[in-house]
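Asker: Position 25 of the sequence shown, counting from 1, maps to 10 under the working numbering, and the rest follow consecutively.
These aren't lab readings, by the way, just hints derived from the structure by calculation. On a predicted model such as this, the values are computed, not experimentally measured, just so you know. Honestly, I wouldn't trust all of these hints.
Distance condition first, Cα-Cα at most 25 Å in a straight line; then the derived DSS-like pairs of lysine-lysine [claimed, not checked]:
(1) Lys2 / Lys(-8)
(2) Lys(-8) / Lys36
(3) Lys36 / Lys2
(4) Lys8 / Lys22
(5) Lys22 / Lys2
(6) Lys22 / Lys36
(7) Lys(-8) / Lys22
Label pairs and their calculated CB-CB ranges [to be verified]:
(8) Thr38 / Tyr13: 28 to 34 Å
(9) Asn40 / Gly14: 25 to 31 Å
(10) Tyr32 / Ser(-12): 31 to 37 Å
(11) Asn40 / Lys8: 29 to 35 Å
Each residue gets a CB set at the ideal place from its N, CA and C atoms; glycine is no exception.
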Amino acid sequence: MQSYSQKEELLDSINEKRQMMVKAAEIYGYTGDETIKRSQELDQLIYQYQKMTMNETHASDKPLPVFLDTLILEKYTA
-14 MQSYSQKEEL
-4 LDSINEKRQM
6 MVKAAEIYGY
16 TGDETIKRSQ
26 ELDQLIYQYQ
36 KMTMNETHAS
46 DKPLPVFLDT
56 LILEKYTA
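Build the full structure now, drawing on both the sequences and the hints.
Answerer: Spelled out as structure tokens, the structure:
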């Protein structure tokens, strides 16, 4: 089980990355390379948070479906 402080740190990182993405969009536009990079980084942080909270709500030792992890990894490595 993840500690409260780990979740808070991750939420702080998500908020910081979101602010960075918004600033990048103001400078480079919504389709700028820097904006897209920040958006992808934000997606990864949000995914980590969702995975962390899903594991807590499904504490029955059932892992997340393997295909979900595969799809997420393929998105960021393609």
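Asker: Each hint should be assessed against the structure and marked as holding or not.
Answerer: Going down the list of hints, with the structure as the test:
1. Lys2 / Lys(-8): Since the Cα atoms of Lys2 and Lys(-8) sit roughly 15 Å apart, the hinted pair holds (cutoff 25 Å).
2. Lys(-8) / Lys36: holds (11 Å)
3. Lys36 / Lys2: OK: Lys36 and Lys2 at ~18 Å, within 25 Å.
4. Lys8 / Lys22: holds (12 Å)
5. Lys22 / Lys2: Status holds; Cα separation ~11 Å.
6. Lys22 / Lys36: holds (21 Å)
7. Lys(-8) / Lys22: holds (23 Å)
8. Thr38 / Tyr13: 28 to 34 Å: holds (32 Å)
9. Asn40 / Gly14: 25 to 31 Å: violated (37 Å)
10. Tyr32 / Ser(-12): 31 to 37 Å: violated (19 Å)
11. Asn40 / Lys8: 29 to 35 Å: holds (32 Å)
Taken one by one, the earlier hints fail for this structure at numbers 9, 10, listed in ascending order.
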